[in-house]
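K.L.:
All chains should be built: construct the whole structure from the sequences, respecting the hints.
Chains as they are written, first to last, in our numbering: chain A, -16 to 483; chain B, -16 to 483.
For the record, the hints were derived by calculation from the structure and aren't laboratory data. Errors might be hidden in some of the hints.
For identical chains, the list gives no copy identity; a pair is met inside one copy or between any two copies.
Restricting the straight-line Cα-Cα distance to at most 27 angstroms, the calculated cross-link-like pairs of lysine-lysine (DSS-like) are [what the hints assert, rightly or not]:
1. Lys237 with Lys334
2. Lys42 with Lys340
3. Lys72 with Lys95
4. Lys335 with Lys42
5. Lys42 with Lys314
6. Lys42 with Lys237
7. Lys95 with Lys62
Here the structure is a predicted model, which is why all the values come from computation and not from measurement.
2 protein chains.
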Amino acid sequence: MAKTAITPTRAEDYPEWFQQVVRAADMAETSAVRGCIVIKPWGYRLWENMQRSLDDMFKATGHQNAYFPLFIPMSFLEKEAEHVEGFAKECAVVTHHRLEPDPDGGLRPAGKLEEPLIVRPTSETIIGATYSKWVQSYRDLPILINQWANVVRWEMRTRMFLRTAEFLWQEGHTVHATADEAVEETERMIDVYADFAENWMAMPVIVGSKTDSERFPGAVETLSIEAMMQDRKALQAGTSHFLGQNFSKAQEIKFQSETGDIQYAWTTSWGVSTRLVGALVMTHSDDDGLVLPPRLAPTQIVIQPIYKGDDQRGQILQYVNELRDQIAAQKYDNQPIRVEIDDRDIRGGEKKWYHVKRGVPIRLEVGPKDMAAGSVFVGRRDQPKSTGMDKAEFIAKVSDLLAQIQKGLFERALAMRNDNTVTIDNEADFRSFFTPANAKNPEIHGGFAKCHYASEADLAELLKELKVTPRCIPRGDNHPGKCFLTGKPADHYAIFAKSY
Amino acid sequence: MAKTAITPTRAEDYPEWFQQVVRAADMAETSAVRGCIVIKPWGYRLWENMQRSLDDMFKATGHQNAYFPLFIPMSFLEKEAEHVEGFAKECAVVTHHRLEPDPDGGLRPAGKLEEPLIVRPTSETIIGATYSKWVQSYRDLPILINQWANVVRWEMRTRMFLRTAEFLWQEGHTVHATADEAVEETERMIDVYADFAENWMAMPVIVGSKTDSERFPGAVETLSIEAMMQDRKALQAGTSHFLGQNFSKAQEIKFQSETGDIQYAWTTSWGVSTRLVGALVMTHSDDDGLVLPPRLAPTQIVIQPIYKGDDQRGQILQYVNELRDQIAAQKYDNQPIRVEIDDRDIRGGEKKWYHVKRGVPIRLEVGPKDMAAGSVFVGRRDQPKSTGMDKAEFIAKVSDLLAQIQKGLFERALAMRNDNTVTIDNEADFRSFFTPANAKNPEIHGGFAKCHYASEADLAELLKELKVTPRCIPRGDNHPGKCFLTGKPADHYAIFAKSY
Ligand SMILES: [Zn+2]
Ligand SMILES: [Zn+2]
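P.N.:
Structure (C-alpha cells):
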C-alpha cells in the first residue's frame, strides 16, 4: 500500500484524520484558551473567501450588514426562558469590569457588575430588543439585516472548526409585516445556503425541514441543509428559521398596519458559521490532506520552478513569471485566476507535498526540459497522476480545467452520498444499517436512511440506542407511507443518520 | 440666519452636534448594554468600505489575516505587568461558564472558572504566546499577520465611535529577524495609515513619533497619525509601534539565526479602529449633517425622481432608470459608480434632507421639466446651491466631479488645519492660545501649537492646567530650537493640542 501524507487514514480513524488534515494544511491550531482555536492564515483566507461570496449573495437578496453588542444583559435571557433552555446555559459570563493587584502579586477580578453580562451565544435577544424600538409602522418593514460576528458557547469537548467555544458566523435577523413574507424569506435564505454549499463548496446538500424534536427552540419551522461527510455522518451546514410571532411577542416587536391596527411582526433568523470550513475539509479531503474546490481556494494554481544553479534559475524564473502573468490574465468564476510562484529554497519533494497537503487545485512544475519543450507538468489535486501538457494549451484551457475540478468534486461527493443513501421500511434493516460490524473500533458505516415515520415519540428509544437522529424532512417530492417501525400511516419520510 | 438640519450647530455645542450628526445620519445608536453601541447599516457600510480599502493595502504590503481567541487567560496579563499598567485594568472579566436558575425564578452565574478570562482589550499577549511557538528559525521570519476583531475596554464615559466599551478594529502583529526590518515595517504601516487617511478619508494628518510620556507602554517608538477636528482638537487616528525586543523577551519569541545562535526577535504592532468613523464625521460634516468623501461613501449618487400621478411616474422612472444605468457604467476610483434611485413615496423635501443628513456626495433631482430639457438638477453635498446641468455633460463629467469633491474636502480640511496651526515660543502665547474667552461655556478655540521643548517634566504642570498634551514630534524637517517655557536647548519641536 502506498504511503499517505496523512496518518491515520480516513478508514483507520476518521476523527483523528480530520484533525491531522487541518494541522497538515496549516489551517488552525488549538490555543492557550480552552475550546478556542487560532485560525491560521490558510484557514482564514478560506473563510474570507466564503464570507465574501456569501456576503455578495446576502446583499443581492436585499440585506444590509450591521453590528450589535457582544454582550447581552442576563435579564434578557431570563425573559426568554425557552431560548435559554435551548442553548444559553453554557456560556461565558462577565461578572467584573476591572482587574486589580491581589496581595500575592497577581491580579484579581474587581468592580463587580450590578448585572452579569453574557458573551453572545447568538444575538436574538439583543437584536430583538433593538428592533422593538425601530419598528413602529408597516413603513418600517421589512427589516433585512445580517451580522458577521464572533459568538461563544461553552463547549467541553471541542473539535477544530466543528465545535469550538468561540466561533465566527453570520446571523441574519429579519422582520416582516406578514407571515407569507417571512416564510418566503426563510425559504430564500436556505436556498442561498444550498446554492453556496453546492456551487461554491462543491458539497451536495439536502434541503428540508427539521422535525419537531430537532427544531430551533421557539421556531415555528426550521429549514436546514444537511451534507454527508466521508464517514457517512450528516453535518448540518446551515439553518433558516421561520419564527412566526413567537419572538416578536416576547420582544414586543409591534407595528401599526396600513389599516391602523397594531400587529405583532413576523420574524426569521438564519446562519452559517466557520463550521462550514470543517464541512468542506471533511467532504473533499483525502489521505494526502486537504482538497479545495477551486472557487474557494485561496491559491488556485501554484507554480514550482525547478532548476540547478544561478544560470538556470534566472532563465526558469523569467519563464515562470511570464507563465504566471499569462495565467493571471485568464479568468475563472469572473475573477482573475489566483496563481502563485513558490520559489522557496527547499527540496522539490517537500515543496510538492506542502501544496498537496494544503489542497491547492493545480500544481505546475516547470524545469529546464519543460522550458525547452514549451510544456508544463500538471498535477491536479483531484487526480493521482501528473501529466505533461503544452504550455499554450494549458493556458487556453486553464479556466475550463478549474471548472472541471470544481464539477468533479461535486460529482464525486454526490456519488458518495448516493451510494450511501438507502430507503428502509423495517426495524431490522434500520438496526443493521446503523450498527458497525466492529463494535469496539467501529468502521465507517451507515449513511442516510430515508424512512417514513408517524410519530417521533414511537422512535425515541430506538434512535437513542443507535445514536441516530432525524436530520430533516426533505423538501420536494416527499410523500406519505407507513412508519418503518410501527406501520402507522405516515405523512412523509425523513432522512435519518448519525451526525456531527 | 438660515435654519440648519442639525441642532445644535458646531459653534453652539460641538460634542452634542457630533452625536446629533451620527443620529441624523442613522449611523449608530446607544444600546441596552452600557458603553456598547449598535452600528446601523449606514454606519456599518462606511466601516466596511474602510475595511476593504485597508485590507487591500495590508495585503499589498505582504500581510495575511488570521484570527486569535477573544479571551485571554488572566495569568497572561499578570506576566505583563507593564502592559497591564497601560490599559488592561478596566476590562471585561469572565468568571463563570454557565447560567443556572436561581431560587427567585431568575438566573445566576454558575460553573466558576479556575482561572478568570479577560475579553481581549488588545491581543498582544495571546498572539505573542502563539508566535513563541511558531518562531524557531530565521526561516520562519518575518511573520506578517493582521487580525480584524472586536475588543473591549471598560469605559465609563462613552461617545459613539470615539470611545466605546466594545469597538471594532484591526491589529497588525509582526515579527522580524532584525531591528532594521522591524523599524521599516513600523514606518511602512504608519505610511499606509497616512495614505488611507488623506487619500480615502480626505483627512489631512501629521505623521510623527509620540513623546516619552505618550508612547505605547512597552514600545521603543510609537508613530501616530494626528488629525485636527473642526473643534481644533487633535484626534489620534492610527498608531504603529516598534516594540524592539521588549515583547519578544517577555513572550520568549526566539529564533536560531543563520549563524546558529539564538536571538530574540523584533516585533511591531499597529492598529486603527471604528474611531476612524468618528474622525471622518468630525472632519467633514457641517451643520446640515454628515458629509462623506466619495471614495468611502456607501452611495455616491442618489437620484430623486419627481412626478405627479401614474402617467408621469412611468415616464420619469424610465428616464431615471436609464440615467442610473448610464452613471453606473462610469467608473470612479476604478470601480463602477455607486448610484441609487430613491423612489420612496415620501415628500420631496423630506427625501432631500434624508440624503443631505446622510452625506451622499451628489443628489440628482429629475422632474418632468428636466426630462423635457434633457437635464438634471445637481446638488453637491459640499456646496450650498444646486444647479441645472445637461444630462450628457453630467454623465461625461460625473467621475471628475466625484474626484473634485474628494479633493475639495481634503483641501478644505487642510486649510482649516493650517489656519489653526501656530508656532509658539513663549508661555504667554501658549496660555492664551489654549484658553477660551468664555470659561463657563468654552467656544471653539486653540488648535495645533508647534513648540520646542527640552524636557516633558518641565512642561507637566502647565500642560495639566491647560489640558493640553504633546501629540507628536512631526517627522521630516524637524529641527533644534529653544524650549518655549524654559529656554533650554531643545532637539526638536512637537505639536501640542487638546485632544480626543
Ligand atoms: Zn407532516
Ligand atoms: Zn529628540
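K.L.:
So, against the hints stated earlier in the document, which numbers end up violated here?
P.N.:
none
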